[in-house]
Amino acid sequence: MQSVALLLLLWSLSFGACVSMRIIGGQEAKPHSRPYMASLQSQGVHECGGFLVASRWVLTAAHCLLFPGGESRVVLGAHSLSRKELTKQVFRIASFHRHPNASMSGRDDISLIKLEKSATLTDAVKPIILHRSVKAVLDGAEVSTAGWGDTDNSGTMPDVLHEVSLQVLSHNRCEKYYANHRDFSSDMICASACKRKSPRMLCKDTCVGDSGGPLVYREEAVGVLSFGGDLCGLYNQPGVYLLVSHYIPWIDSIMASQ
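For the sequence shown, the positions run -16 to -1, 1 to 242 when mature numbering (1 follows the signal peptide of the UniProt record, and there is no 0) is used.
Everything labelled a hint here was simulated from the structure, so no lab data went into it.
Since the model is a prediction, treat every value here as computed from it, not as a measurement.
Among the clues, some could well be false.
Pairs of lysine-lysine, DSS-like flavour, derived with a Cα cap of 30 Å [claimed, not checked]:
hint, residue 1, residue 2
1, 98, 119
2, 72, 101
3, 160, 14
4, 14, 101
5, 101, 68
6, 179, 68
7, 110, 72
8, 119, 72
9, 110, 98
10, 98, 160
11, 160, 72
12, 72, 98
13, 119, 68
14, 119, 101
15, 68, 14
16, 68, 110
17, 160, 119
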């Protein structure tokens, strides 16, 4: 148990603010309007987001470390994390498949969770379609994401699911913003929404508790939230997502082999 705790600590320290991503400038989502959303929890506490991609599989970020058995669990069909909801389905983890090249600096920060059993598909629990086209999502395209993460950089987590609309930023712009992040690559995409460029926090953004959640474009998951800046909502530190289409062969192979 000590080695597991140490591993968790090392990953958390290495990712810093990246581990905790939060919805900034969004609003409460309509209950169960995003039936693919998953809450990844440890000892009953929400740690990361994720999203259902098949009845027994959840996609998330590799740095969202959970382990089979123990106190780790995945909650589907939730709007409120605390209230009793008939729509909720709770699962232990059968296995956790981190991408073999995942690094603590953000490279290949993607993983698959196999649930202990298949989810019962309902109006509140449904998988989202993965964006498989290698065609890039255009700069400026309207996208969205959701999560139960911090909403104001204070560490206060909302009890209900929040969502936010964003715009895709150009790769060159993102690369410039994260020039010192050595693993920023063509496998990544940035998104935020700013009223104007300013050192003040005027941008809609993701950043503690939202990691692993989906970036959604035309009802398909195009990205997995990986990391961001030191604070959320800064125009020059937008949220960074891994492009799902670049990982389709790996995703398909893992799901087919189990």
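Structure-based check of all given hints:
1. 98 <-> 119: holds, 28 Å
2. 72 <-> 101: holds, 15 Å
3. 160 <-> 14: Outside the cut-off at roughly 36 Å; violated.
4. 14 <-> 101: holds, 27 Å
5. 101 <-> 68: holds, 21 Å
6. 179 <-> 68: violated, 38 Å
7. 110 <-> 72: Roughly 12 Å between the alpha carbons, so the hint for residue 110 and residue 72 holds.
8. 119 <-> 72: Not OK: residue 119 and residue 72 at ~35 Å, beyond 30 Å, violated.
9. 110 <-> 98: Holds. Residue 110 to residue 98 sits at ~15 Å (cutoff 30 Å).
10. 98 <-> 160: violated, 36 Å
11. 160 <-> 72: violated, 42 Å
12. 72 <-> 98: holds, 18 Å
13. 119 <-> 68: violated, 42 Å
14. 119 <-> 101: It is violated: about 34 Å lies between the C-alpha atoms, which goes past 30 Å.
15. 68 <-> 14: holds, 17 Å
16. 68 <-> 110: holds, 19 Å
17. 160 <-> 119: Satisfied, since the Cα-Cα distance of roughly 22 Å is no more than 30 Å.
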